[in-house]
Amino acid sequence: MMQQTPQSSQQRLLNGRDNVMKDANIPSNFSLAIQSPEYTLPGVLHFLQQEWRRFERERNEWEIEKAEYKARIALLEGERRGFANLKLDLMKRVKMLEYALRQERKKYMNNPKARTIQQQEEFTRTVDSPNPPSSPNLSSLRDSQDASVKLESQDKLPAAFVASQIDDKAKTRSRELLKSCLKEINQLALSTSKLPYTTAFTSGLQNQYSKITSQASQDVQHDTESISTLKDPSEENKAAARRQTPKQPDDSMSTFIPQHNTSLLQDGKIESGQQQKVDKDNDIPSTISDVEVPDNVDEVAMINNVINIAKERKQRDQSNPGSGSRKGLSEEEQLTKDVQEKYSLSADKVRKLLKNAERLIHQENNIPMSSKDSLLGKVDNLKLPSEAEVEVEDADSESRPKMWRAKHNLRGHLDCVRSVSFHANELLIASGSDDGTIKIWDLKNSIVKDSVMQKKSSHEEMDPIITYRGHTMGVTKVEISAEQGRLYSSSLDSTIRVWQLPPADKSPYSPYDSALNIAPYIGHTDAIWDFKLFPTAIADYLPLASASADGTVKIWDTSASGNLLKSSWSYNGVIDEHQDEQRNLPVPTSLDICHTNLRQLAVAYRNTEVKVFDVETGQIVLTIPADPSADNSCLTQINKIVSHPTLPLLITGHENKLIKFYDINTGNSVFTMSAHLDGVTALDIDPSGITLVSGGHDGSIRLWDISSTSRSCVQEYTAHRRKADEGVLSVQFHKELPWLVSGGADGIVKAYHHSI
Amino acid sequence: MTTAVEESTTTTSNTPLRRLYPGSHVEDTFQWPTLALDDIESSFSVQEYLQQLLREDYTDIQRLIDLPEGIDAEIWQYEHLRQLCSQLNYLIPSLDSECTVDSCPEMKADGWLYLCAAHPVTKSCPAIDYIVHTLDGATMLLNNSKYFPSRISIPEPSLKHLQAIARRLYRIFAHAYFHHREAFEFFENETCLHSRFVRLSKKYSLIPKSLLIIPRSTDGDEPSSNSPTSESPAILSRRSSTSTVQEIPDDTDTSTIGAEDAGDEDQGSEPADRVDDE
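Protein sequences, first through last, are from chains A and B. 512 is the number that this note's numbering gives to position 512 of the first sequence; each next residue is one higher, with no gaps. 1176 is the number that this note's numbering gives to position 176 of the second sequence; each next residue is one higher, with no gaps.
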């Protein structure tokens, strides 16, 4: 006799849902429509279910709000929320009235305000345990006539029975409505692969109600089981469900005729697909609650997702062991198909998603409720493995704080990269190569991509934002002038060229703009090996000093357009007329601006002498005598000279593996160390003046703590493969950010990050 | 690792090292000792060997394109194409003064119109854009570690890219030849790049002969064995067709020209074949 209760309540619920579905289409009639289900819904079982739904709804509310924040499509989200809220209001009212009704009849559930998650969980458990949640759906209800015939005999709740009869009229009416709705929905879903989201949502909303109904019978089961006062109809219900469910996959596969059960099933899937997409995009942690409480598909439908669907299916399969495998297979296919159709995703993607979902369910079955948080982590990991990777990476780097880690390998040059340079403020890298080109790389883009997408992108190819061609021989040195928005480059072709930096929004294959090539500085008669831009103006112009194999150091006015060459110094100072002599004098190899006195320029010569010039006058302020062990050949020469940013210190990197420190005031050698296994080619000091980086032909980059007296090596790694007998050719710190860049003979530009 | 480096440096310390020393006169740069291919011990041995051959005599094309012993033919082509791109960088500066949007609003050569494949939808670019985009794209593709992960062997599926790259790069020569003859000749005299490229393409079938539209006289002293003499009339007939438009189908991936669509590109050669037949 109790068996009638679920049946009739199902029917009533169905009516209610049908009305609601109508409301979904015509929201203005909302409050009117609510009335009928309110007054016709009796029963303890329903009270229990309503409470259940309320909890779920609140969860969903929270989840939807979270989704809002994350969603990029504001319009869609707004609409979605609107519908959801309408539904919630409706449900709230229904539940409240139900609750009052129930309280009067039976003082059964006396804790309606139990809303904490804990309680919910407990509740879930109690429901969960007695119920292997088969989720019979509409078909079982549609054919409820058969079932009810059987069940009638056992009916011990005449009120409910009567109610169900009363409902019959409304039921048929709303069934008609539902039919027409679903027909439309089906057409939409079938005809267009890219169903507008709004439409999808409407159908989804309707499906929710269909699911409510379909779920109702099941929930009724739970309730009866957990409520001991009522007799247990679940066996019969289950039997009915079993009889019906195996048919569905075939139906859904074979036909799109808007029969209620099949079409609903399909729509449910589409809906779930949508939810899956949203879920993926927004990372709504709804999965947790949904997965935890698998029975309440009705509410969950609002934020349904693949996980839930898959789980539901699985459970259904479990309850229908005979047909399980076949059904599961076809349903999965159907789901995949629908999701694919809907979002034109690749089959692989969808499959992956489903797999993830399944895995989740698996895990979940093994994880006790208490470990919800850890599950959350796992869910996130599974859903966004890329992010997890990044996190792992970050954690990794945090555990080893003071280390530089390679972040980007920039491949784009066809030959040795002889010089790299950072933009002063931005993460722009300029690189000059033996292939005659200068390329600009924008790490900023990749970093954004990195955090959003995945760590893997650092290993993907990155295009330079621009390639400058203009030199007729290999490029020896590049430098970006942030203030001027320019790039300077020197070459073996004895010119310095000036380039305009491309606009920030330049795309890789935008039209060629020859205007970016501003002007060449012509004056040197041999290869230019080094140059340096002055950070501040001297005597109302911003100088650039260049060192060339023609034996001269020249000062250029970068702000003028006419007479660029300001002065020219030979080994002996300001140039005189004896050009013949110049040829035999030592040639400058490298130069740097003395940061302790920005009007002074330190020039290193091949014979390892270092001379400090006054930029304005060209006077030699200081000469640091040549190293006694040097033999005036290139085998002992200074390859690179840098001045310390804060201390009066000059540091030179020598071809014979040495790094030397000189006091800029006295000219005395302060410290000498054998730094590399081969010639030292590159030096730079970080802006704080604590760390010196050196690169050598041995292919390694070494970092030295020069704040201590021991000047110990704090990190060493192989950075570049050797080509011919060259290795690392250039290194530079970023002036503001914890980044380091290096270029080498292997033609690769590498960027390293240092997490503080 | 460190010991390995130590060994290699000690073994080479007796001979002049193959490196550039800052401050060197330009005539002293790259005056490196000649090594046998087997003695070049680096990941870039083939590239180094090719560059060494070029330094020795860039006019001896036969020697340059002949496959050295112990090297895959594909790798040899790959390194040649890299070198080609590298050297083509030096052609651009001499072109960009005279080849402008105004002078050459379309990428044309001898009646052919080439569409730029660097964009999401293939379109007609001004010649200088086409040249720069093609060179950029080819460079990035040759540097793409996905398609060309190694300098020792090339994965089978990537081989088709070599042909796509060669076919496109050839158009740069073609445009320069037919529209900027002076720059072309000057560049050719300095580098023999075109002759080398054409000979290489013929030898390794990188470009269908029907697409080689620059008259043979500029190919240098080419042995008759490499190209049948019967080709001349074909060239003439091709040259007589003046208004052929060659469609270059989509290159969907802008970052890697010809990477995804070399198959499509093959269609590009079909109109050419038809023209050939006429």
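I should point out that these hints are in silico values taken from the structure, not numbers from a laboratory. Beta carbons: idealized from backbone N, C-alpha and C, even for Gly. There's no promise every hint is true.
What the hints assert, rightly or not - Simulated restraints on C-beta separations: (1) 1215/B <-> 483/A: 45 to 53 angstroms; (2) 665/A <-> 1097/B: 45 to 53 angstroms; (3) 1060/B <-> 409/A: 32 to 40 angstroms; (4) 424/A <-> 1215/B: 38 to 46 angstroms; (5) 79/A <-> 1103/B: 48 to 56 angstroms; (6) 424/A <-> 1185/B: 40 to 48 angstroms.
Taking the hints in turn, this is what the structure says about them:
{"no.": "1", "hint": "1215/B <-> 483/A: 45 to 53 angstroms", "result": "52 angstroms, holds"}
{"no.": "2", "hint": "665/A <-> 1097/B: 45 to 53 angstroms", "result": "50 angstroms, holds"}
{"no.": "3", "hint": "1060/B <-> 409/A: 32 to 40 angstroms", "result": "36 angstroms, holds"}
{"no.": "4", "hint": "424/A <-> 1215/B: 38 to 46 angstroms", "result": "52 angstroms, violated"}
{"no.": "5", "hint": "79/A <-> 1103/B: 48 to 56 angstroms", "result": "55 angstroms, holds"}
{"no.": "6", "hint": "424/A <-> 1185/B: 40 to 48 angstroms", "result": "44 angstroms, holds"}
Checked against the numbered hints given earlier, the structure breaks only hint 4 and satisfies all the rest.
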